[in-house]
Amino acid sequence: MTGIALARRHRVPAWGVTLTLVLVAELFYFTLTTRHFAEGGKGMLVLTEQFVPTGILALGAAAVILTGNIDLSAGATASLSAIVVGSELQHGTGMGPAILYAIGIGVAVGLFNGLVVALLGIDSLLVTLATQFIATSLATSIGGESPPYNFSPAFQRLGTGLVGVIPVSLLIFAVLSVVVVTVVTYTGFGRALALIGYNRSAAEYSGIRARSVLVSVFTLSGSLAGVAGVILAAYYNSARDDIGTTLLLPAITCVVLGGVDIFGGRGRIGEVVVAVFVLGFLTQGLLIQGRSSLTATMITGFVLIGALIIKVSVERAAGETLLAATRRLVGQRTAARRPLRSLLDRE
Amino acid sequence: MAERDAPAAEKPAWTWSWTSVLVRRELLLVAVMVIIVVLSTLHRSYFWSSRNISFILADSMVITFVALGQTFALLSRGIDLSVAPIMGLSAVIVGFRAQDHGMTLLPAVLLGALVGLVLGVGNALLVGIVRLPPIIATLGTLSIYGGLQFVVTGGRQVDHIPVQYTDLGSKTILPGIPLILLVGLAAVLITALVLRHTVFGRSVYATGEDAEAAYRAGIPVQRVTVICYLVCGLFAGLAGVVYLMRTGSAVATTGTDTNANLNAIAAALIGGTALTGGRGSALGAIVGSVFLSLSLSAMVFAGIPPIWQPAGVGGAILLTVLADRKARRPIGRRIAPTWLRLGVRRRPA
Chain S
1 MTGIALARRH RVPAWGVTLT LVLVAELFYF TLTTRHFAEG GKGMLVLTEQ FVPTGILALG
61 AAAVILTGNI DLSAGATASL SAIVVGSELQ HGTGMGPAIL YAIGIGVAVG LFNGLVVALL
121 GIDSLLVTLA TQFIATSLAT SIGGESPPYN FSPAFQRLGT GLVGVIPVSL LIFAVLSVVV
181 VTVVTYTGFG RALALIGYNR SAAEYSGIRA RSVLVSVFTL SGSLAGVAGV ILAAYYNSAR
241 DDIGTTLLLP AITCVVLGGV DIFGGRGRIG EVVVAVFVLG FLTQGLLIQG RSSLTATMIT
301 GFVLIGALII KVSVERAAGE TLLAATRRLV GQRTAARRPL RSLLDRE
Chain U
1001 MAERDAPAAE KPAWTWSWTS VLVRRELLLV AVMVIIVVLS TLHRSYFWSS RNISFILADS
1061 MVITFVALGQ TFALLSRGID LSVAPIMGLS AVIVGFRAQD HGMTLLPAVL LGALVGLVLG
1121 VGNALLVGIV RLPPIIATLG TLSIYGGLQF VVTGGRQVDH IPVQYTDLGS KTILPGIPLI
1181 LLVGLAAVLI TALVLRHTVF GRSVYATGED AEAAYRAGIP VQRVTVICYL VCGLFAGLAG
1241 VVYLMRTGSA VATTGTDTNA NLNAIAAALI GGTALTGGRG SALGAIVGSV FLSLSLSAMV
1301 FAGIPPIWQP AGVGGAILLT VLADRKARRP IGRRIAPTWL RLGVRRRPA
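Protein chains in written order, with my numbering: chain S, 1 to 347; chain U, 1001 to 1349.
Derived from the structure by calculation, the hints contain no laboratory data.
Each residue gets a CB set at the ideal place from its N, CA and C atoms; glycine is no exception.
Be careful, since some hints might not be right.
[Unchecked claim] Pair by pair, the computed Cβ-Cβ distance ranges are:
| # | chain 1 | residue 1 | chain 2 | residue 2 | range |
| --- | --- | --- | --- | --- | --- |
| 1 | U | 1199 | S | 310 | 51 to 61 Å |
| 2 | U | 1253 | S | 119 | 31 to 41 Å |
| 3 | S | 294 | U | 1100 | 19 to 29 Å |
| 4 | S | 152 | U | 1100 | 27 to 37 Å |
[What the hints assert, rightly or not] To give an idea of the interface, some chain S residues facing chain U are shown, with a C-beta separation under 10 Å as derived from the structure:
| # | residue |
| --- | --- |
| 5 | 135 |
| 6 | 138 |
| 7 | 178 |
| 8 | 301 |
[Said to hold, decoys possible] Over 12 Å on every C-beta distance to chain U, these chain S residues come out as not near it, computed from the model:
| # | residue |
| --- | --- |
| 9 | 95 |
| 10 | 104 |
| 11 | 162 |
Make a model of the complete structure from these sequences and hints.
See below:
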């Protein structure tokens, strides 16, 4: 509760370790109980193709949430980017320029979000809610009557290709994660993100240009959404106008499961990456087991709430060991009421 | 204005805010709506026909109900993202009872309210008792309730509703005034009375404005929060019944597919309710939804293809928020009117 990410830098990230253990347990469980899950490790890797776009969105969402803001438009931006890359390819644009256009439009949406949030000081929830609607409309209108489909094999490789046994999209995700983790963990920009989320006034007093940082972080989220859109289009070999919109909630779920405080100021992107795999493998494993996608969605919801309850209750005893916390909980159940943290933290 | 700018001691804050809210937001919206109506009627005279007007008003009622509930969540400085599946579940459950067992209207309304209330308990527990951040807790219940809706429908759908439902949804009492509007107005009136003139209503505002202060002032903050989410679920449940009356059908994706969540939040925000809690009104919910419905219809009449409707909603949100300086970050001194403050260096508070 006290101390921002800075102070706890060298501690073992308890949440990350927990998540990793859960991931390992989950992989073991599905490998043992479900045929066609592991396939000698190869199947497992190919499964990642299904949730890499979500993961990429989660990277951007995590950076934005670190500043105490939220980007609801990321999903719709991914749809828009998918449609743009699709229709450009259909109109005979080269692969490189088409991808650049798509990412460019993601950057544009992100930049717009950032500028409105930072310069006009409007709550990001509102702004990105509005841009989400606008991006959806744009995507639908560009897509037109028959959304683009059937792209060149070279482009499809981005979504379904393999390098050795490793999917191309997983490689892209790995590179992006390393970049984002490095930037957020080891650069001044990353520190600024967390500090703005923790206390914006303090950040401004300590010389951080909060507004330009905010513009950058929304642009980052937008461009990552653009990349996610390109990979989605390549994976499905078609681009619908809702192709990315449905990924927004899973992405935010990953961020929260990854231990990032929804009010900003605390969290590690590395743990978000682990959470992406935990949630992704969980969903895919359930699907392979023959559960319906709605069961998987429901379980996602339960996992989100469950993880949060555990995390919040552990954190309310911040600074104590688990044992001390347990002792305190058992011993002083009727003692003074806990502060109203969750209600107050938004200020 | 008075609530934040001047301390409550100087003026009777509530009466002051009553007039200022009325002048600042609802009247402004009504003025804009009149302009839209006049322009659209000049363009296509059919716009000002009793049929079209009654359609617009009736069409906005579903969102009005969801937005009324959402107002409670927003006022207490929370948010409820799970209202869409709550509404859908209520529509589906009530719809099946009506279709298969011929349930009459009154029990249907009660059942819808009960479904909403029960689902609201989930949110209330998570937000009020466990004290999870509202946006995350309701994001989780959104997935859970959404899945539940699929389970309840089990591949079937509601499409044969007794006529008494659809009658209530489509009848007009006067040309241009649908019957269902009266129901909506009654709900708004009750909500407004509760919010303005009961201890609970005032506690909701106080909790949203500053939970710590409210707690120290002896307001049972936790209980108020719990009740807010219960009421939010209740209204979403009622909205499901209203949806049945309007459309006569319900499927596994009802509520989620029409974006009831975001539209309701948009309506409440357009009506002047603040995301930061403590500001907003029941009147705003209905004015906001009618405004949304009206401007979408005007877009259709102006020949803008329906695919641009979401963009219209987005634009409406941005414009109303831009016009509202209290929606901005309260940072720095007010040197210039806020909408002019683009280039002015802002001092940290």
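Subject >> Given as non-interface: residue 104/S, which should sit over 12 Å from chain U by C-beta >> reply: holds, 20 Å
**OP:** Determine whether the non-interface label on residue 162/S survives the test: each CB of chain U must be over 12 Å from its CB.
**Re:** Residue 162/S clear of chain U: closest Cβ-Cβ about 32 Å, beyond 12 Å.
Original post:
Does the Cβ distance between residue 1253/U and residue 119/S fall inside 31 to 41 Å?
Top reply: holds, 38 Å
Original post:
Is it correct that the beta-carbon of residue 95/S has no partner in chain U closer than or equal to 12 Å?
Top reply: At about 28 Å from chain U, residue 95/S clears the 12 Å cut-off, so the statement holds.
**OP:** With a cut-off of 10 Å on the beta carbons, see whether residue 178/S makes it to chain U.
**Re:** violated, 27 Å
**OP:** May I ask you to test the hint 19 to 29 Å on the CB atoms belonging to residue 294/S and residue 1100/U?
**Re:** holds, 22 Å
Original post:
Hey, does the residue 138/S contact hint survive, CB to chain U under 10 Å?
Top reply: Hint on residue 138/S: holds, closest Cβ of chain U at ~7 Å, below 10 Å.
Original post:
Against chain U, is residue 301/S within 10 Å by beta-carbon distance?
Top reply: holds, 3 Å
**OP:** Kindly confirm whether 27 to 37 Å is satisfied by the beta carbon distance between residue 152/S and residue 1100/U.
**Re:** violated, 52 Å
Original post:
Given residue 135/S as an interface hint, is the shortest Cβ-Cβ distance to chain U below 10 Å?
Top reply: This interface hint holds because 8 Å falls under the 10 Å limit.
Subject >> Whether the CB-CB distance between residue 1199/U and residue 310/S falls inside 51 to 61 Å >> reply: Roughly 36 Å apart at Cβ, these two residues miss the hinted range, so it is violated.
In summary, the numbered hints that this structure violates are 1, 4, 7.
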